[in-house]
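Chain by chain, the residues:
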Amino acid sequence: MARIELDGLAHAYGPRPQQPEDYALRPMTMTWQDGGAYALLGPSGCGKTTLLNIISGLVRPTQGRVLFDGRDVTELPTEARNIAQVFQFPVIYDTMNVHDNLAFPLRNRRIPETEVRRRVGQVAELLELTGDLKNRASGLSADMKQKISLGRGLVRKDVAAILFDEPLTVIDPHLKWQLRSKLKQIHHELKLSLIYVTHDQVEALTFADQVVLMYEGAVVQAGTPQALFEEPEHVFVGYFIGSPGMNLLPCTLAEGAAGLIQIGGASSAPVQLPVAAQHLERARDRGALTLGIRPEFLGCDNAPRPGAVPAVIERVDDLGNYKMATATLGGQTLRAKLPEDAAVVPGAGWLSFPPEKTKLYADSIIVR
Amino acid sequence: MKTRNNKAWFLVLPVVLSVAFSAVVPLMTVINYSVQDIIGPDQKVFVGLEWFKEVLRDPDLHGAFLRQLIYTLVVLAIEIPLGILIALSLPARGWKASLSLVLIALPLLVPFNVVGTIWQIFGRADIGLGGHLLASLGLNYNYATNPLHAWLTVILMDVWHWTPLVALLCYAGLRAIPEGYYQAAKIDGARAWAVFRFIQLPKLSGVLLIALLLRFMDSFMIYTEPFVLTGGGPGNATTFLSIYLTKLAVGQFDLGPAAAFSLVYFLIIQVVSFVLYTVIQRTTNPAAPRQDTP
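Protein sequences, first through last, are from chains S and B. If you count the first sequence from 1, position 185 lands on 185 in my numbering, and the numbers rise without skipping. Each position in the second sequence, counted from 1, maps to that position plus 1000 in my numbering.
There could be a bad hint or two in this list.
To be verified - Here are the computed lysine to aspartate or glutamate pairs in the EDC-like style, where the Cα-Cα straight-line distance is at most 20 Å:
1. S:Lys-357 <-> S:Asp-285
2. B:Lys-1186 <-> S:Asp-94
3. B:Lys-1203 <-> S:Asp-100
4. B:Lys-1203 <-> S:Asp-94
5. B:Lys-1186 <-> S:Asp-100
6. S:Lys-184 <-> S:Glu-216
7. B:Lys-1044 <-> B:Asp-1060
8. B:Lys-1186 <-> S:Asp-285
By construction, these hints were calculated from the structure, which means they are not laboratory data.
Please build the complete structure, drawing on both the sequences and the hints.
Encoded structure:
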């Protein structure tokens, strides 16, 4: 168990990186606390696997350092780091039975055989593999194989962290839940540090205490699932987290009249939105502005309400346990997630923006 | 109602004809010869299984069969491990990989009789580089008179000629192993030997069996290279089955025994190949579902 620190870490697969675009992983400094359950979330190709492989030592970073409990391990090979990793595709040793698969990391480290048997027994118990110990591993189903891969990590006493690289990709949907709750249970029982790479936000948000969201090789926000949902620091966080994602409206400050915002070009009528005046002031000249509000927080009604902005409700879809209203405002489309019993119909309508949930972004970054 | 369309016959006719003339007709002729004594152009006597009995009792054939078996086992025992070793040591990608693959494949492109000629000249003490080198080291090397030297030369020639095939097959097999296996092995602290024993060798088992099958069939039927190199000599030292068969059929015109011999020979290769093929099928398509590779 250890605290993992990344110090000015960056990686480029090509030689001589010059521009930020040359980096698969842009320079970053961050700390992963001991015993935490972290999810590394982001779209494919954002650098999450690269980051994971740098921590485990499979990839050597172009620059920066990796520290385990303050000890520099950047130059250490994977074998010498106390790290376990579970891969996207289950890796099992075909010719061995389940017991020998689990014993493999211990036998490679020359642990006495009695100790090996004891620990394999414990891990098999934990993962509910006891009945299969004598079976050949190659004939098992994908979720069993993935459990074995996980077991090879758990069987070692010395692991500082277990890294997961999209481990549930090849698992049947109904087994994903089981395996994920197994992981949570193991995390609670063993207090291991877990870093879990995924591009599935549901997986990340349900699994982790801390979610690290990556985009184009950089960490855009790290925080609790709640923080990522309620306070996206970057428009990408708003867009990526949530289903559907945040309503993002390109906007400009209205000329002349203070405190007014124009949505959808200069020709549209300026509207009064509950964005703090000092935020508007601070956003001036900091680049393109975007207004963000989550569909869950956007109010939508056919009757005017105080502070609401007139808009056109295009469609209201009943999605079973909630309703989804689609509205246009200044040529921009917004969605509002409404309760199942909301009596909203297409036609003229009013959108209300709760002040504390309405965010302003300048050049994609939140204005505070 | 189904209409019958006989045009398909027209399409398969070329294949049927060529197979008939290249395989079926000669085979029928051989079977025909094997049960008759051909005395003259229009004089033949049906002798039943007489030739088979004679051939199976022939001590020269027993000798040739034993030599053939030893030869095949020796070349397999050298070429398979050596091929794996070469494949493991080749670079995985880049221009170096392409270059070494081309260089390694060169012996496979040399016609069989040219291979024999190359080694025949190479081994000669008077004009051959290899023979001259050995002679200058004080070794009395002469494949034309010393049976052991003849054997060593023939085996070395086969290893030179055919190890590349094993190496190329293994190389392809190695490249097909997903990177994740090597990464997991690193995480598990496996050393090079464990990686070979528990990842590479099991994943290569399919191609290795194919290599084994191909090398068994080819080495068991070898003719041209040793014939060019030693002519089966000195004495009968390197007279393998094919060479003996040719001596019997072409040299002595004993068509009956030669035909019976051919059939026995054919049968041996069929049986062993069938056994190997069945094993391959079992190993590459096990009953249990496999979902471990992307």
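We went through each hint and held it up to the structure:
Taking the CA atoms of Lys-357 of chain S and Asp-285 of chain S, the gap is about 23 Å. The hint is violated against a cut of 20 Å. Note on Lys-1186 of chain B and Asp-94 of chain S: the hinted pairing holds, with a Cα-Cα distance of about 17 Å set against a maximum of 20 Å. Straight-line distance between C-alpha atoms of Lys-1203 of chain B and Asp-100 of chain S comes to about 18 Å, which keeps the hinted pair within the 20 Å bound. About 8 Å separates the Cα atoms of Lys-1203 of chain B and Asp-94 of chain S, which keeps this hinted pair within 20 Å; it holds.
For a cut-off of 20 Å, the pair hint linking Lys-1186 of chain B to Asp-100 of chain S stands: about 17 Å separates their Cα positions. Distance check on the hinted pair: Lys-184 of chain S and Glu-216 of chain S sit about 29 Å apart at the alpha-carbon level, beyond 20 Å; violated. With a CA separation close to 26 Å, the supplied pair Lys-1044 of chain B and Asp-1060 of chain B exceeds the 20 Å bound. The suggested pairing of Lys-1186 of chain B with Asp-285 of chain S is violated, with an alpha-carbon distance near 51 Å, which exceeds 20 Å.
Comparing the model with each earlier hint shows violations of hints 1, 6, 7, 8; every other hint is respected.
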